[in-house]
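Trainee: Residue-level listing of the chains:
Number of protein chains: 2
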Amino acid sequence: MTTVSWVDVDEDAGFGIENLPYGVFARPGEMPRVGVAIGDRVLDLAAMSAAGLVEDRHYFASGSLNAFMVAGRPAWRANRDRVTELLTDASYRGRVEPHLIPVSDVELLRPFEVADYVDFYSNEHHAANAGRMFRPNADPLTPNWKRLPVAYHGRAGTVYPSGTPIIRPYGQRRTPGDPEPSYGPSLRLDFEAEVGFVAGVPSSAGRGVPTSAFRDHVFGFVLVNDWSARDIQAWESQPLGPFLGKSFATSVSSWVVPVAALEAARVTPPVQDPAPLPYLRCDDPWGLDLHLEIQINGQVAARPQFASMYWTPPQQLAHATVNGAPLRTGDLFASGTVSGPERGQRGCMLELSWNGREPLELPDGTKRTFLEDGDTVTIRAQAPGAAGSRIAFGEVTGTVHPPQP
Amino acid sequence: MTTVSWVDVDEDAGFGIENLPYGVFARPGEMPRVGVAIGDRVLDLAAMSAAGLVEDRHYFASGSLNAFMVAGRPAWRANRDRVTELLTDASYRGRVEPHLIPVSDVELLRPFEVADYVDFYSNEHHAANAGRMFRPNADPLTPNWKRLPVAYHGRAGTVYPSGTPIIRPYGQRRTPGDPEPSYGPSLRLDFEAEVGFVAGVPSSAGRGVPTSAFRDHVFGFVLVNDWSARDIQAWESQPLGPFLGKSFATSVSSWVVPVAALEAARVTPPVQDPAPLPYLRCDDPWGLDLHLEIQINGQVAARPQFASMYWTPPQQLAHATVNGAPLRTGDLFASGTVSGPERGQRGCMLELSWNGREPLELPDGTKRTFLEDGDTVTIRAQAPGAAGSRIAFGEVTGTVHPPQP
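For the record, the sequence lines run as chains A and B. Under UniProt numbering, the letters of the first sequence match residues 1 to 405, in that order. Under UniProt numbering, the letters of the second sequence match residues 1 to 405, in that order.
For the record, the hints were derived by calculation from the structure and aren't laboratory data. One should not assume that every hint holds.
To spell it out: a stretch of chain A is covered by chain B in this simulated footprint if at least three of its residues, at any positions, have a beta carbon under 8 Å from a beta carbon of chain B; those stretches are [as the list claims (entries may be wrong)]:
#: 1; region: 37 to 51
#: 2; region: 58 to 70
#: 3; region: 144 to 156
#: 4; region: 200 to 208
#: 5; region: 275 to 282
#: 6; region: 309 to 323
Within a straight-line C-alpha distance of at most 20 Å, the following computed EDC-like cross-link-like pairs (lysine to aspartate or glutamate) qualify [stated by the list, open to error]:
#: 7; chain 1: A; residue 1: K367; chain 2: A; residue 2: E342
#: 8; chain 1: B; residue 1: K146; chain 2: B; residue 2: D283
#: 9; chain 1: B; residue 1: K367; chain 2: B; residue 2: E293
#: 10; chain 1: B; residue 1: K146; chain 2: A; residue 2: D178
#: 11; chain 1: A; residue 1: K146; chain 2: B; residue 2: D375
#: 12; chain 1: A; residue 1: K367; chain 2: A; residue 2: D273
#: 13; chain 1: B; residue 1: K146; chain 2: A; residue 2: E180
#: 14; chain 1: B; residue 1: K146; chain 2: B; residue 2: D273
#: 15; chain 1: A; residue 1: K146; chain 2: B; residue 2: E180
#: 16; chain 1: A; residue 1: K146; chain 2: A; residue 2: D273
#: 17; chain 1: B; residue 1: K146; chain 2: B; residue 2: E180
#: 18; chain 1: A; residue 1: K146; chain 2: A; residue 2: E180
Think of the CB as a built atom: it goes at the ideal place given N, C-alpha and C, for glycine as much as any other residue.
Next comes chain A alone, as it looks inside the complex (with noise of 0.2 Å):
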């Protein structure tokens, strides 16, 4: 299928007909409302269904995703299978057109509210070098790793829109060597790249949701930015694992590409080896052929590959929810950092300088070991869409500011 919008489309930019992310957005002085994204512009459902040209039971003058995003995979394919007919058929461009405003003219806010917040640690090049960093006489991968997904609980009431400002953190922490802890801003601030899902459809208590079920709930995918400041981690994550380390922000890309884009980005993750216990196991390949680029202040600073994560995202789901602990809508789930073999891959600071011990040297010769005040970290990324197009997701991005006294 080609399928081509009479909207005048950068295909390169990977926001052509094949994407359609979904996001909230507002003009100066007006409420936020749901739409879609097309090129450099944004197709305001609100106003289209207040023409009568889209279905809307009251999804779309929200300020936020959830109404839609409950809704279910019938209600969210109806309203792509109609947004792509009225974008690519001429004969609606007059009544349409107006409702094109240009992305430039508004803002994007959060585009869901969150509700519970969870995020992997599926990388296995991420998990390994962290292994050798901090356990360095120990197996870097932990016994379990290959078994399950390992993840853990992050703070919902801090994940923020991308460009919200990121406050460097006060926190306790302790320099190995020091006999003492001590109180102050985090000297070892860091990003982490990842890749997030949001629950749409709810699940039962006391009922998982199986591997085959992974698009009946899901509504689409983000990038993230799980900030986490290291040495604050470091020192308090024993024995129940990371928390204020973590818990001060975590960013998500404006728009939400919906699962149905990624069809074409699918690729066979990984082999899994020991073979997964059965309610881990997926018979559709659920790798994703995602690539991300971070930057640092406008220039590279690597280039992960989301096709390389040892768990996907089914899996992900299948056993955040196994104990019967029920989906709401709007739990978000993040990957954890994607990394890869070689140093250019990989997905935070913490192995970009080996735990500041080698600092990375940008394109236009800066040194950064940990984030510096003021600097910018972008994550962008691409996909294979439909036909031979390119799916892009929305930046994530956000600028260190220096500690509140």
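Given chain A's structure and the hints, the job is docking chain B onto it.
Mentor: For chain B alone, kept in the frame of chain A given last:
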């Protein structure tokens, strides 16, 4: 101050005029609304406000306490003073009595919507016992334990009201000595007796809540049962902490005891050595003389003493926000298992049966290592109140149901 209510109250039961805890209730066929417990009755605050007897800015007709919790300390105090006046001045009796409903005629619902849920680990006896069992060759306490109140984020979406059935969770676990992990219902299902507090007034991002501001943000206290699957937890927890071993269910009591009702219960907490960093210092004593009682199937299993907690609630809150993570209305913070130096004071089966090696014998002769299907666990607590009164916490109870296939 001695105050006497015209409502007939059994003072020993702890729901007298010095307590006045808040909850959410519904009568069959009616909408949920906010009420206050007095004796064995509920004062219907929604009806009281409709009758012009209490001030209400739409706090009380909603199905949760959140709208009232966000109103802040002056509103909490004004309503408490007014309810005290109405229930003690006999001249109001004729107008108020129609709005007193027997507790036995109503259903008590979850009192508030949980934003984020944080679980601490602040009892030294519990932490040391767990350390002895799980890390027998190391110090019972990790090096950070007396420097900061260790905590992790739990799952807000599975915080349930007292009485909710607890379905035994499925999961992946490996018995020590087994070469392979296996899948099935948890074989080591446990409870944890805890005390939680809930935030009412939000705080700003980037700024912590000092220990001195605790009462400006915190609405009240509840009892918490942090149900735990020890076999799932033990296998999954390295390196990022508990996840599915905890996230299937957490129960909270139906009544929220206002902070103001616990002033007479405040005691000096255990000496902290080493002295905590300045951000964790607390000028006022914030130990709480709460006496917990755990029953299994109506038989007393243990009597933990909350006054033995090493870290106090204001210290927990200051720590959880020191990195600039803002508070949201409905944020729930649980203490961690309350245990004591004696076996009869331990707050979970893990400790009471020493990880299953020493079965607990209940007064009627039944023995337990961990919980069996059909077991009902009920936690209650009392504290000294003003003028020699007693302050009761509403019970938190739950019955273990068989796993769902």
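Trainee: Which hints from the list above does the structure break, by number from lowest to highest?
Mentor: Hint check: 1, 2, 11, 12, 17, 18 fail, others pass.
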